[in-house]
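> Listed in order, the protein sequences are those of chains H and U.
When the first sequence is numbered by the working numbering, its final residue is 348 and no position is left out of the sequence of numbers.
When the second sequence is numbered by the working numbering, its final residue is 288 and no position is left out of the sequence of numbers.
No wet-lab data here; the hints were simulated from the structure.
A virtual CB, placed ideally from N, CA and C, is assigned to each residue, including glycine.
Fair warning: there could be bad hints in the mix.
[What the hints assert, rightly or not] Stretch by stretch, here's where chain H covers chain U in the computed footprint (C-beta under 8 Å, at least three residues):
#1 127-140
#2 228-237
[As the list claims (entries may be wrong)] No farther apart than 27 Å at their CA atoms in a straight line, the calculated lysine-lysine pairs in the BS3-like style are these:
#3 H/K182 x H/K149
#4 H/K182 x H/K301
#5 U/K46 x H/K330
#6 H/K300 x H/K321
#7 H/K300 x H/K290
#8 H/K184 x H/K248
#9 U/K46 x H/K264
#10 H/K55 x H/K290
#11 H/K31 x H/K113
#12 H/K156 x H/K347
#13 H/K248 x H/K321
#14 H/K145 x H/K248
#15 H/K149 x H/K184
#16 U/K58 x H/K347
#17 H/K330 x U/K179
#18 H/K75 x U/K179
#19 H/K329 x U/K58
#20 H/K149 x H/K199
#21 U/K46 x H/K329
#22 H/K184 x H/K347
#23 H/K330 x H/K75
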Amino acid sequence: MEFNRREALLTALGTAALSLFPGMGMAQARKLVFATFTGSWEEAHRDVLVPYFRKTNGNAEIALDPMLSVDQIAKVTAARSNPPIDVMLHDPGPALVAIGQDLVEPFPTAQSKHYADLLPEAQDPFGPAIFFQVVGITYNPEKIKTPPKSWNDLWKPEYKGRVGITNLNSTLGTGFMVELAKMKGGGEANIEPAFAALKALQPNLAAVAANPGALATLFQQGQIDIGPGNFNAIQLLRARGVPVEFVKPETGAIAFKTSIHIVKNSPNAKLAAALIDAAMSPEVQAVLMKSPYLIVPTNKKVKMEGEISKVLAKDQAELQKTFIFQDWKKINENRSAWIDRFNREIKV
Amino acid sequence: MASGRTTTGASERGEGFLALPLMLFYLLFFIAPLLLLFAVSLHADKDMAAWGLAQYAKALSDGFGLGVLFDTLRLGVETTLLCLLLGFPLAWLHRNAGPRWQGVIILVTVLPLLTSVIVRTFAWIVILGRQGIVNTLLLELGLTETPLRLLYTHGGLVIALAQVQLPLMVLPLIDALQKLDPNLESASAALGAGRWRSFFRIVLPLSLPGIIAGSVLTFSAAVTAFITQSLVGGGQQLYMPMYIYQQALTLQNWPFAATISVIFMVAVLFCIALFNLLGRYTRRYSAM
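The shape of chain U in the complex, shown without the other chains (with noise of 0.2 Å):
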C-alpha cells in the first residue's frame, strides 16, 4: 500500500502490534470455526464415520439444491439493485440539502437500523398481509376486487429485504457523494455537458466506491437474512439460510449442512468479487 512505504518500520511493527487482539479473536471465534465447519464438510457419512467428497458431490449434482443457491443469489441481487434505485435518490437529496435537512435524512436512514429487525420485519406482515395497508387501499380505490398475494411471495420479499437492508445502502452512498468536489460538476457544465451527461460522465464512475462498498454489504445481509426470509417469505420459499437450517438442525445432518454452507459462502464471495470487478472495468471506462 501507498501509505505504508512511507511509515518506517518500526512504526509499522506497532500498528502491527495494535491489531494483535482482533487477530487473535478472529482467529479463535471466526477462522478456526471455519475450519471446523470445512472439516465437518468433508465427511462422506452423517454420522461422520468416514472422510470423502461425497457431500460436495451430492450437492453439487443436486438440481433442486443448486435452484435454492440460484435463487438466494438472486434475491440478493434484485434487493441490491432496489436499495440502489431508492437509496441513491435519498443520498443525492442529501448531498443537496442545507445541514439542517441532511442531519433529518441521517436520522430517518439510521432509525431502523435502531429497532430490532423483527420489529421491522414483522411490521412488512402487516403491512403486505392479506388485509394489510397495501390491500385495504388497494381494494378502496377500487383498483382489485379481491386482495392480492404479496406475503410470502418473492416480489413481497424483495420489497421487505430492500426496506430492512437500506441504511447499509445510504450510508455509503451519502459518504461517497459527499467527497465528490461540486466544482467538477459546475466545470462539466460550463464545458456543455448537459445534466444527464455531467451525471453519468462524472457523478456515477465517482460515487462508485460507495455503490460498490452499499451493494455488498446489502447483497451479503439480504441473502444471509434467515428472520426476514422466513417470515415474510413463508416455508414454501426456500432460501440457503433456511435449507442450512433444516438440514443441520430439524435433520442433524451436519455434513450436507456444512457442504452446503461451504457452498454457499464461496457463491456469495464469488458475488462479492465479481462486484469488486465491476466496479474497477467500469471506472477505467469511464476514465477513457
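The shape of chain H in the complex, shown without the other chains (with noise of 0.2 Å):
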C-alpha cells in the first residue's frame, strides 16, 4: 500500500476518533447507506428502488443519505478505513475521481444478473450507469416564440440580456464548456475555442449562477429566458407550472453517465452489489423512466416511451446516436485550469 501523509493523518485522527468512541468500530451490524443525491433523485431512489430491493433481498435494512458527489468523496476520504457510506452515486467527473483515489471497489459483473443488459456506454465494472443525465437547450416559451434549434441560437442579438448559464464548478457548466469547445472546433483537450465563444456571448449574458439549482430559479424570476439546462431540472420546474420548455440540440444532446459504486472496506459489500443490480434491473429502471420522475435508462430492456421517447430519444439506437458522451478522463486533467480561467476572464 502506498503511503503518503494524507492518508496517515485521517488514519491518526480516525483511530483517535475510535478510541473515544468504540461504538464506531462496530460498524458491521449498521444498514446499508447508499448516499444518493438530493431533491428529485432522493424521491425516486426512496418510492421506487428501496422498496423494490427490499422486496427482492429479504427485507434487508437501508439507508438513504443524500448528497452531492463531491461531499460523498470527501466524506469516504475522510474515514477510508471505516467508510459512513456503502454506495456512491456519481457524475462522471467526480467518479474518475473517487477511482484514482482508490475509494471504489469494482463491482462483481459476473454475479450480475442485469449488467450484461445494460448499454455499452453504461457498462464500467468500477462503477455502471444506472441512468443518464441529458443536456439540452431550455427556454421560456412565453417570452421565446420561436423554440431553439441549436446551441448556435444562445448568440442571437435577440437575447441580449437574457441568456443564463452555471459556472464550472458544476457538471452541467463544464459539459456545456467541452460542448461549446467541440462545436467551435476545439474539445476536451483544447477549451481555448470555448472560451472565444463564451467572450462573444457576454453581451446576451444575463447571469452566471453557482449551481443548476440557482440557474432554475432564475427561470422561475424571469431572470433569465434561454440557457443550458438538465432534462429532469426542467420537468420539476414544468410540474410547478413555471413556463419552461426542453429542447434537444440539433447537433445532439449532452449527456452525462450517473454511475453507482460500491465503497472500499464497506462493511456491506454483498447488499452493495445487490443494490447496484436492483438499480441496473429493467422493473426498476422501467417505472423510474415514466412521469413523474422521467430518468433516462440505461438498460437495453426497457423501452422507450412517453415524455423520454417523444423529447429525448425513441429508442435506444437514437439515444446512442444523438446522445454525446464527453471524455470526462481528460476533462478533469484540466478542470483546474479551466476554472481558476474562467474565475479570472468571465466577467458579466
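Take the two lone chains and join them into the complex the hints point to.
Put into C-alpha cells, the structure is as follows:
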C-alpha cells in the first residue's frame, strides 16, 4: 500500500476517534447506506428503488443519505478504513476522482443479473451507469416564441441580456463549456475556442449562476429566458407550472453517465452489489422512466416511452446516436486550469 | 481583570472547573480541527506527499486570489456600514419608545432570525429579480424603461446581506443605548450643547461598545455568508467562501483550500482587531 501523509493524518484522526467512540468500530451491524443525490433523485430512489431492493433482498435494512458527489468523496476520504457510506452515486467527473483515489471496489459483474443488459456506454466494472443525465437548451415559451434549435441560437442578438449559464463548479457548466469547444473546433484537450465563444456570448449573458439549482430559480423569476439546462431539473420546474421547455439541440444533447459504486472497505459489500443490481434492473428503470420521475434508462431491455421517447430519444439506437458523451478523464486533467481561467476572465 | 482580583482563590478554581466542559469541547471540536487544517495547508503538493510552504507562496503571490480576498473584506465593510446606518436609528427609536413599542421593535428585529437564512435569501431573489418588486415598481413609475440588473451584482448583495445580518447589529446597539443614562444628555443640553453636539460627544462615544460588538458580528457573518453570497451574488462574483469551496470540493485540492482558509481567517481576525483598535482610539479621543 502506498503511504502518504494525507492517509496517515486521516488514519491518525480516525484512530483517535475510534478510541473515543468504541461503538464506531462495530460497523457490520449497520444498515446499508446509499448516498444518492438530493431532491428528485432521492425521491425517485426512495419510492421505487428502495422498495424493490428490500423486496428482492429479504427486507434488508437500507438508509438513503443524499448528498452531492463531491461531499460523498470528502466523507469517504475522511474515513477510508471505516467509510460511513456503502454505495456512492456520481457524475462522471467525481466518479473518476473517486476511482483515482482508490475509494471504489470493483462491481462483481460476473455475478450480476443485469450488467450485461446495460448499453455499452453504461458498462464499467468500477461503476456501472444507472441513468443518463441529459443537457439541452431550455427556454421560456412565453417569452421566446420560436423554439430554439441549436446551441448557436444562444448568440442571437435578440437574446441580449436573456441567457443564463452556470460556472464550472457544476458538471452542467463544465459539460457545456466542452460542448462549446467542440462546436468551434476544439474539444476536451483544447478549450480555447470555448472561452472565445463565451466572450462573444457576454452581451447576451444575464447571469452566471453558482449551481444548476440556482439557474433553475432564475427561470422561475424571469431573470433569464434561455440557457443550457438539465432535462430532469426542467421537468421539476414544469411540474410546478413554470413556463419552461426543453429542446434537444439538432447536433445532439450533452449526456452524462451517472454511475453507482461500491465503496472500498464497505462492511456491506454484498448488499451494496445487490442494490446496484436492483438499480440496473429493467423493473426499476422502467418505472423510473415514467412520469413523474422521467429518468433516462441505461438498460437495453427498457422500452423508451412517454416524454423521454418524445423529447430525447425514441429508442436506444437513437439515444446512442444523438447523446454526446464527453471524455471526463481529459476534462478532469484540465478542469482546475479551466475553473481558474473562468474565475478570472468571465465577467458579466 | 478587576473582578477577578476581588474573588478568592477557591471560588476562582471553582469557576475554572465550571468552564472545563466547554474548554474540552472547544479543544476537541474547534482547536484540533483548526490545527489539522493548518497541518494540511503546510503541504507542498495536492496529494500531500511533501511538506512545504509552496501553497502559501502560491496564494500570496497571486493577484487574482488576493483580489478575491480584498473583495470579500470590502463586502464585509460595506455590509457593516449599511447595517450601522440602518440599525442605529432603529436602536435609537427603541430607546425612546414606550415599553409596548419597544416590544414590537424587538420582535420585528428578532423575527428574521427565526426564519432560515435560505428563505430570507430567496426572498431577496424575488425582490431584486428582473420581474421583482423593485423593478416592477420602477417600471410602473416610469423611472426606468428597461429592468435594472440588481440580482447578481455587488450592490444587490450588500443590500441583501445587510438585511439578513441586521439583527446582529441592532441587538448589541439596543443594549448599549439602553445602558446610556438619559441624564447625561439633559446635562449636555443644560450646559449649552446642541442636539448634534450632544449626539457626537456623548451618545456616540458611549454607545461605541455596542457599535464595535455589532460591527464585529455583522462583519464576520457577512464575509462568511456562503449561501447569500452564492444565491444573490451569483456564480460570477467570487468571494472567499465560494473560492475555498471550489478548491476543496470541486477540485479536491485540500492543501490549497486549507491555505486560503488560513489566510482568510487571519485577514478577518486582523480586521476585527482593527475594529477594536479603532474603538479604543476614538473612545480616548472623545474623552479628551
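> Take the hints in turn and mark each one as holding or not.
Verification of the supplied hints:
Under the rule that three or more residues need a Cβ within less than 8 Å of chain H, the assignment of the segment 127-140 of chain U holds, with 4 such residues. Coverage of a stretch by a chain is defined here by at least three residues with a beta carbon nearer than 8 Å to that chain's beta carbons; for the segment 228-237 of chain U and chain H the count is 6, and the condition holds. A distance of roughly 17 Å separates the Cα atoms of H/K182 and H/K149; the hinted pair therefore holds under the 27 Å criterion. Simply put, H/K182 and H/K301 have alpha-carbon atoms about 32 Å apart, too far for the 27 Å limit, and the pair is violated.
Of the supplied pair hints, the one linking U/K46 and H/K330 holds, its CA atoms being roughly 18 Å apart against a limit of 27 Å. Straight-line distance between C-alpha atoms of H/K300 and H/K321 comes to about 14 Å, which keeps the hinted pair within the 27 Å bound. With a C-alpha separation of about 16 Å, the suggested pair H/K300 and H/K290 falls inside the 27 Å cut-off, and the hint holds. Note on H/K184 and H/K248: the hinted pairing holds, with a Cα-Cα distance of about 19 Å set against a maximum of 27 Å.
Between U/K46 and H/K264, the direct Cα distance comes to roughly 22 Å. Compliance with the 27 Å bound is thereby established for this hinted pair. Restraint check: the Cα-Cα separation between H/K55 and H/K290 comes to about 21 Å, which is no more than 27 Å; the hinted pair holds. Restraint check for H/K31 and H/K113: satisfied, since their Cα atoms lie roughly 23 Å apart, inside the 27 Å limit. Distance restraint check for H/K156 and H/K347: the Cα-Cα separation of roughly 19 Å lies within the 27 Å cut-off, and the hinted pair is therefore satisfied.
Only pairs whose Cα atoms come within 27 Å are accepted, and H/K248 paired with H/K321 is accepted, the gap being roughly 13 Å. With a CA separation close to 17 Å, the supplied pair H/K145 and H/K248 stays within the 27 Å bound. For a cut-off of 27 Å, the pair hint linking H/K149 to H/K184 stands: about 17 Å separates their Cα positions. Distance restraint check for U/K58 and H/K347: the Cα-Cα separation of roughly 23 Å lies within the 27 Å cut-off, and the hinted pair is therefore satisfied.
At roughly 64 Å between alpha-carbon atoms, H/K330 and U/K179 are farther apart than 27 Å, so this suggested pair is violated. Of the supplied pair hints, the one linking H/K75 and U/K179 is violated, its CA atoms being roughly 48 Å apart against a limit of 27 Å. With a C-alpha separation of about 26 Å, the suggested pair H/K329 and U/K58 falls inside the 27 Å cut-off, and the hint holds. Between H/K149 and H/K199, the direct Cα distance comes to roughly 22 Å. Compliance with the 27 Å bound is thereby established for this hinted pair.
Annotation: proposed proximity of U/K46 to H/K329 holds, straight-line Cα distance about 18 Å (limit 27 Å). Taken as a hint, the H/K184 and H/K347 pair is honoured in the structure, with Cα atoms around 21 Å apart against an allowance of 27 Å. At most 27 Å may separate the alpha-carbon atoms for a hinted pair to count; H/K330 and H/K75 meet this at roughly 25 Å.
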